[in-house]
Amino acid sequence: MLRNYLKIALKVLLRRKFFTAISLFGISLTLVVLMVTTALFDHVFAPHPPETRLDRTLGIYTLRLEGEGSRSSGFPGYAFLEQTARDLPGAERMTIYSLQQRAVSYPDRRKVLSWLKRTDGEFWNVLDFRFVEGGPFTAEDEANGHFVAVINETTRERFFGPDTQAVGRPIELDGQRYRVVGVVEDVPFLRFSAFADVWVPISTKASTAYRHEIRGGFQALILADSEEAKPLIREELQSRVADFQFPDPDEFQVAYTGADTLFEALSRMLLPEAAHQAQPGRLLTILLTMAVLFMVLPAVNLTNLNLSRILERTSEIGVRKAFGGSTRELVGQFLVENVVLTLLGGAIGLALSALALGAIEESGLIPYAELTLNPRIFLWGLAMALFFAVLSGVYPAWRMARMSPVRALRGRST
Amino acid sequence: MIRLENVSKVYRTDRVETLALDNVNLEIEPGDFVAVMGPSGCGKSTLLNLMGLLDEPSEGKVALDGRAIERYQDRHLARLRNEKIGFIFQQFHLVSDLSVVDNVEIPLLYRRTSNRERRRRALAALDRVGLSSRVHHFPTQLSGGQQQRVAIARAIVGGPKVLLADEPTGNLDSQMGDEVMEILEELNEDGATVVMVTHDGRLAQRTHRTVRLFDGRQVH
Numbered sequence: 001m002l003r004n005y006l007k008i009a010l011k012v013l014l015r016r017k018f019f020t021a022i023s024l025f026g027i028s029l030t031l032v033v034l035m036v037t038t039a040l041f042d043h044v045f046a047p048h049p050p051e052t053r054l055d056r057t058l059g060i061y062t063l064r065l066e067g068e069g070s071r072s073s074g075f076p077g078y079a080f081l082e083q084t085a086r087d088l089p090g091a092e093r094m095t096i097y098s099l100q101q102r103a104v105s106y107p108d109r110r111k112v113l114s115w116l117k118r119t120d121g122e123f124w125n126v127l128d129f130r131f132v133e134g135g136p137f138t139a140e141d142e143a144n145g146h147f148v149a150v151i152n153e154t155t156r157e158r159f160f161g162p163d164t165q166a167v168g169r170p171i172e173l174d175g176q177r178y179r180v181v182g183v184v185e186d187v188p189f190l191r192f193s194a195f196a197d198v199w200v201p202i203s204t205k206a207s208t209a210y211r212h213e214i215r216g217g218f219q220a221l222i223l224a225d226s227e228e229a230k231p232l233i234r235e236e237l238q239s240r241v242a243d244f245q246f247p248d249p250d251e252f253q254v255a256y257t258g259a260d261t262l263f264e265a266l267s268r269m270l271l272p273e274a275a276h277q278a279q280p281g282r283l284l285t286i287l288l289t290m291a292v293l294f295m296v297l298p299a300v301n302l303t304n305l306n307l308s309r310i311l312e313r314t315s316e317i318g319v320r321k322a323f324g325g326s327t328r329e330l331v332g333q334f335l336v337e338n339v340v341l342t343l344l345g346g347a348i349g350l351a352l353s354a355l356a357l358g359a360i361e362e363s364g365l366i367p368y369a370e371l372t373l374n375p376r377i378f379l380w381g382l383a384m385a386l387f388f389a390v391l392s393g394v395y396p397a398w399r400m401a402r403m404s405p406v407r408a409l410r411g412r413s414t
Numbered sequence: 001m002i003r004l005e006n007v008s009k010v011y012r013t014d015r016v017e018t019l020a021l022d023n024v025n026l027e028i029e030p031g032d033f034v035a036v037m038g039p040s041g042c043g044k045s046t047l048l049n050l051m052g053l054l055d056e057p058s059e060g061k062v063a064l065d066g067r068a069i070e071r072y073q074d075r076h077l078a079r080l081r082n083e084k085i086g087f088i089f090q091q092f093h094l095v096s097d098l099s100v101v102d103n104v105e106i107p108l109l110y111r112r113t114s115n116r117e118r119r120r121r122a123l124a125a126l127d128r129v130g131l132s133s134r135v136h137h138f139p140t141q142l143s144g145g146q147q148q149r150v151a152i153a154r155a156i157v158g159g160p161k162v163l164l165a166d167e168p169t170g171n172l173d174s175q176m177g178d179e180v181m182e183i184l185e186e187l188n189e190d191g192a193t194v195v196m197v198t199h200d201g202r203l204a205q206r207t208h209r210t211v212r213l214f215d216g217r218q219v220h
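Here the protein sequences come in this chain order: A and B. Quick note: the first sequence uses our numbering, first residue 1, plus one each step. Quick note: the second sequence uses our numbering, first residue 1, plus one each step.
Rather than coming from a laboratory, the hints here were simulated on the basis of the structure. C-beta atoms are modelled at their ideal positions from N, C-alpha and C, and glycine is treated no differently. A couple of the hints might just be wrong.
[To be verified] Among the chain B residues that face chain A by a calculated CB cut under 7 Å, a handful are:
(1) LEU54
(2) GLU56
(3) ARG71
(4) ASP74
(5) ARG75
(6) ALA78
(7) ASN82
(8) PHE87
(9) VAL95
(10) SER99
(11) ILE106
(12) PRO107
(13) LEU109
(14) TYR110
(15) THR113
(16) GLU117
[As the list claims (entries may be wrong)] If you anchor each label on the Cβ, the simulated ranges turn out as follows:
(17) B:HIS137 x A:ALA383: 37 to 43 Å
(18) A:VAL296 x B:GLY144: 44 to 50 Å
(19) A:LEU382 x B:SER114: 42 to 48 Å
(20) A:LEU382 x B:ILE69: 43 to 49 Å
(21) A:MET290 x B:ARG112: 45 to 51 Å
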């Protein structure tokens, strides 16, 4: 039975080449967009090195300050993080690091721009970097203001050429000389917390003004003892933030932030109403709604195409009913045809997605991006394709299969 | 074999009510070969559709093989049609995407039959109508007479007791029509009950008896 259905499905698809091509184009294009989007999402939010312990990691990514008549949304300053995030109960480790900034160098009189991130020593314990040479700098290096640096493989090649060792050698950035102590594998740009080309101790900053700043370009990552400890950390941070003493109470009186997941932090940044309280559920709803809408439109189109395609086969429906096909069996047949079509479109879509992701990687639009189609995304794609098949196939199949056999044999569909 | 008791059929649209069959009583015995005649629109096809359980009467009862059809439930009817009835249509209604043998296999798809057994029976049915040499052709590659013979093979492949033929020769020239008629006669001699709608008095004469309809009523 199924073999016969498949046989008919393939024949029908081959006979209507134009229709098949349009359908396949619609399905595969939609899938490509969704697959590339999910690949980017996966790239940002799923655990990949060096952010491998995301289940236990919380971050203080944003800070909103409000006072009478003044408001400020941005990133926390070093002093704020020191006072609120240090030694939280339930936290195994905590690191403070700066946002990455451009730093300029002139090795061999060439101009080289690098992303520079300033971190403490704990940074290397909270995150899981892969060292190819040397090792991280330590809390002691940071406390004593040692001019040491960890660089990535690309930077090593840019400064010292291919196939060379860099540990122990000097590197100059923004006019300051550092000694390379370690080389790590490249970190993708979209691993926001970890990404940089060069990492140096915070204390190597030219000025110490940052130590007193409430607002500024810093963030903190907190590694919880266990997943269960996360609520405790969130709660304690909230109470510390509520009690926070502003050095200049005339300007701001209230601070809003939280120990967030990256997605929660994103909701604070994207949704105005989430500035005080992260609303990941709302953001997820919005994103899923957009994805569903994006899929519904082609599905409606496909439904129409399917309907007109099946209309041409009323005589076949009549014959099958006359010779003992029940409505259920006919719905089955049309669904099989649709699933075959959609899976074909899915396969093409997956191949095109792989090409598209490869092209994005090649283009360098997202530095060090690793956008491979991993099995998880493949399964997502497959699930989406099947969802599509059912969405665009059930209604026409049901409507046609219900047709009275007498009318079908007369060649009328209504 | 088939009994119609006080059967009426009314077609309703938004504005008009059409009485297609009016209080028809008819008994078809096993092994009968019955011709149904009458002018266009007199209800011949409606009568055949009711006998074939493709449609249900507005009033009255239809009994098939000694059993009154009371529950007109899709799955139930589909099974009865599959086991007891074979249809032959004026327009053949072959599925153009399928080869001759695949077309003939259709009724067996809705039964528990192995692939091999299905193929064997389809080839036997094609042999019976003299088309063994055309099994892998597609319908459009065949003449009208050959197509109708494929349709007959499809109608008999499941071994039904009743064959319902709606103007089986209507689209064929007289020679091809005769060939088709001969096959129907042979099948009837082998025990099949045949009901055939026709306009052709010559063919009707070759059957056991003729039922005449006029404006939905049976005339004698």
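Structure versus earlier hints - violations, ascending order: 2, 3, 10, 15, 16 and 19
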